[in-house]
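Asker: The residues making up each chain are set out below.
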Amino acid sequence: MTDAVPPVLIFVVGALLLPVIPGRLKSAWMLLIPVIGFVNLMYLGEGTHFRIDFLDYHLVLGRVDKLSLLFAYVFHLISFIAILYALHVKDSLQQIMGLLYAGSALGAIFAGDLFSFFIFWEMLTVFSIFLIWARRTEAALGAGFRYLLVHAAGGLCLLAGIVIHVNQTGSIQFDYLGLNGPGSYFIFLGFGLNCAWPLLHPWLTDSYPEATITGTIFLSAFTTKVAVYALARGFPGTEVLIWIGAVMTGFPIFYAVIENDLRRVLAYSLVNQVGFMVCGIGIGTALAINGAVCHAFNDILFKGLLFMSMGAVMYRTGKINGTDLGGLYRTMPLTCIFCMVGAASISAFPLFSGFVSKSMVMDAAASGHMRIVWFILLFASAGVFHHAGIKIPYFAFFSHDSGMRPKEAPIHMLLAMGIAAFLCIFIGVYPAPLYALLPYPVDYVPYTAPHVVGQTQLLFFSALAFTLLLRAGIYPAEIRCINLDADWFYRKGGKVFYLFFDRVLNGINRFCDRFFIKGFVKALAALFKDIAARLSLIVMVSIWLLMGLRGERLESKKTNLYADMMGGTVPIGIGAGVSTLFLVLIFIFT
Amino acid sequence: MKEPGAESGKNETPEKKYLFDNPRNVKILLGCFYASLVVLLLIEFLLNKHPHFGWEAWPEFFAVYGFVACVVLVIVAKYFLRPLVKRDEDYYD
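Which chain is which? The protein sequence lines are V and G, in order.
Each number in the numbering used here corresponds to the 1-based position in the first sequence with 595 added.
Each number in the numbering used here corresponds to the 1-based position in the second sequence with 193 added.
Honestly, the hints are just simulated from the structure, not real lab data.
There is no bait here: all hints are sound.
In silico SDA-like cross-links for lysine to any residue, where the CA-CA straight-line distance does not exceed 25 Å:
#, chain 1, residue 1, chain 2, residue 2
1, G, K209, V, R925
2, V, K661, V, P1028
3, V, K1090, G, R275
4, V, K1152, V, A1171
5, V, K1002, G, K210
6, V, K1113, V, R1098
7, G, K271, V, A1067
Construct the complete structure from the given sequences, taking the supplied hints into account.
Answerer: Printed below as a string of structure tokens:
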């Protein structure tokens, strides 16, 4: 046994107690949660902890090994950084949801069985959505609903896969799954959706830029990385992942070059970076898996840093489009420097964190003699520098002078960015501590002279291309526009679907209304009234004839009776009499 | 759309000169940049390479690839992708 508690518990309890913490202590409380969580991790020895018997199955909330621990460390780190960055936010919805979201991610990576993994996986979706909606704009609301629908579909896919898998194997253990049988394909696809595979990716580029400034930092860290973890756990060495990953690294950079919203540029580069991880998992060698998860660790930090710097710009200026920004280095120099550290890290400059992890994946591809994949990855490396490395800092902080002279970011934001920037450089300069945490033993040396020079050449000549294209006026100007992506299919398709059913179902509705409600029922009602009226006329006229009524008097009595029967205004006595008569008749005839 | 805490800026005096307001500084920066490119091209010949693929040993392979890749990237994105996917900002509304 262990002295620790399940890591998810600390975040969940912390979040639930937050509303009763007095206002001034809230910040300290929130910052304390990841710290306590981290200390708890230290007591969490490797092995299997926290077994719960549920029905006929054993749930495991604490499967602790090097793979899950690595993700746990970085999740605690980024939680602390993101909470620090968000200290100015007084919206308790965002505070609580952010903590619960981080907690769910921890729950998922420590889950040793598919059932509890699925629960945490769904919690990730549910809590993250509030970080999007908390922006409280119409665009955020719409993007949030689309996010919810897409993830609900993905979650159901995963659930279907798990049910089939458990049915076939009788085990709910979450270990190596591999692609065998329909269950595993569904699970694979469910993981892939959260991983933002090509064509399944638009939920990410659609919703992350619509989330709140601080929410995006949380979002960029957890959902995709938990999916990367899940693939590394369940599908290492699955060949198709190599190609999926390669495509993921390639296509988003084209979008990133023409995108105007700088946070959306970062969202595309997030897909691109996750591509390196997916590719590494697909290659499946020790070096490749190490590279993939190492890159996930680094990506959480440098992508968080980039989103934080753009968030700071947005917080101070209220703008995020490349067309509206520019020249902010003048008054936001620190944010600018932190942004450039993030940019250098994501571009894998030597001495920055991306260099020590991305190169592992590249080397693994080269060791496997995968020529085409290697070329795509190299292209993506140059491309990511082009859009995330240069475009982001250039259009926000340099470029044309927007005339804005905003204040430097608030101190807590600068601190958060500073910590992330420090870690990016520290890992880049001295990767040994991170390498020691990787799931497989590392005998990889990133800093060889040919590698350093080759990578620097690649990046500097990409920069040269940027400079020359910009000066020649060929570089695509930022334009206010939407760029269609695969979400077109469900955004427009959804409208067509809606329109189709509007026409068809509402048409049927109108038809039924006209013919049945207004036509048939009315006719039926009239018919029955008419029959009753005529019957009573027959009876009454016979009586009146017997009584000797003739001529006009009879006619007027007939008209009055018919009108009374049709109008339903018969004196109660007559009604009662007729009813009695009716009962008597029934009694006689039955 | 404005986030809380957003400010329109323009508090400072417009006359204040910043680092890159002076064209000379931009020129110096570009000069350093071009010089470093030349150094990078030359330094390669001092290296003892042990490549995975044959072409990694070609002189200036990475420099050429990085340059060509980015030019292709921009050309494709600007002249092929953008005409294909660009729509007005209110396209989905």
